[in-house]
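S.K.: Residues in the sequence shown are numbered consecutively from 1201, following our numbering.
Among these hints, one or two may not hold up.
[Claimed, not checked] Between beta-carbon pairs, the in silico distance windows are:
#1 Gly1390 to Gly1222: 38 to 44 Å
#2 Gly1229 to Leu1495: 29 to 35 Å
#3 Pro1465 to Trp1586: 47 to 53 Å
#4 Arg1587 to Pro1520: 16 to 22 Å
#5 Ser1578 to Gly1312: 27 to 33 Å
#6 Thr1288 to Val1386: 42 to 48 Å
#7 Gly1431 to Asp1339: 32 to 38 Å
#8 Met1580 to Gly1390: 45 to 51 Å
I should point out that these hints are in silico values taken from the structure, not numbers from a laboratory.
Just so it is clear, CB atoms sit at the ideal spot from N, CA and C, and this is done for glycine as well.
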Amino acid sequence: MHNTTALLIELGSLILALGLIGRLAERVGLSPIPLYLLAGLAFGQGGLLPLDASEDFVAVGAEIGVILLLLLLGLEYSASELVTSLKTQYPSGAVDFVLNATPGAAAALLLGWGPVAAVALAGVTWISSSGVVAKVLTDLGRLGNRETPVVLGVLVMEDLSMAVYLPLLTALLAGVGLAGGSVALVVALGTVGLVLYVALRHGRLISRAVSSDNPEMLLLVVLGLTVLVAGVAQQLQVSAAVGAFLVGIALSGEVAEGARKLLTPLRDLFAAVFFVFFGLSTDPAAIPPVLLPALLLAVVTTFTKIATGWYAARRAGIGPRGRLRAGGALVARGEFSIVIAGLAVATEPRIGPIATAYVLILVILGPLTARWTEPLVSRMRRANRWRRGRGEGDEGTPVERASGLPSPAETPAAATGAKG
């Protein structure tokens, strides 16, 4: 009874704190993810208020949070949309991978963490946060912009890549070697291909079998099916998160819409628990030593993501301003980076602190780059053009040139030859 009482008190306090944190983030216009991570650091081992009674419950809740994050992400896309994105966006996806995975892999090798950690940290720096990016685009009123489908296409390519990357990373972390990793990769590709085929050819039948006019029944069936498939996927070394993502892809139409409405509040609750749990598993004292590498990684991968968006938007025939907006929107990292780090932290504990610091930096910086990249670059270009124009002639005194005042040669009177 005492343990149950302590569990309820700790859990209630944690959920209440998350609610207050979410309201604060909404007030200041930020994603709540960095505040959830900070809360986990405060409540965890080495923090101010360690959670003992509720630690196991929070760990299970974190697993459910990952599953629901990927399920809701899968519900956003139909199988046909994914196939179309694969056909049109694969060059952008390849550029995205090379530009953004390379800094993470290089950093891990320079820090002496070995090849497996390099694969894990490459994933952390590679994947943008679909949740944060979607929210920022909505908040900025850009859903109807020409560059927005390009941004979403890059995100879809990343999400699909996770269906291959996560099983491979899981196999490498388990130490199964090259042969085991190859088997995991083949199983993952076969599973993804089979689900896409079934969803394309028989998606309506699946949706009809799951469909129900009773919201309670729909919730239970979809949630139960997702958790079951996630468990089977994990047993096959395909990753529970990928299994949930594939369930979301298989459902379509009114079923997907209804499931999305029912599961979104659950997703938000357990996703918050997941981010807190990742913070709980990270010792706050381990973050200051890796803050400089995390900051350097954040700076480098901010520019590489902007370059990715520029390239993808240029392929779609979008102008320079739209290319900059696309690049700035892709900067934020979040849920996937933490999922990858969470998988790797048991094998390489040093990844946890650097991933936490890295995500904290970019989940705050991402909304700012989405809003200000294009205006700042445009302003800098105008300033450079103005300076070049001022430097073409010798008219005017140095004081006039420094102050920006027009020289006599630039006045209307001088231009017309009038004496005044």
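S.K.: Run the structure past the numbered hints and jot down the numbers of the failing ones, going up.
M.R.: 2, 5 and 6
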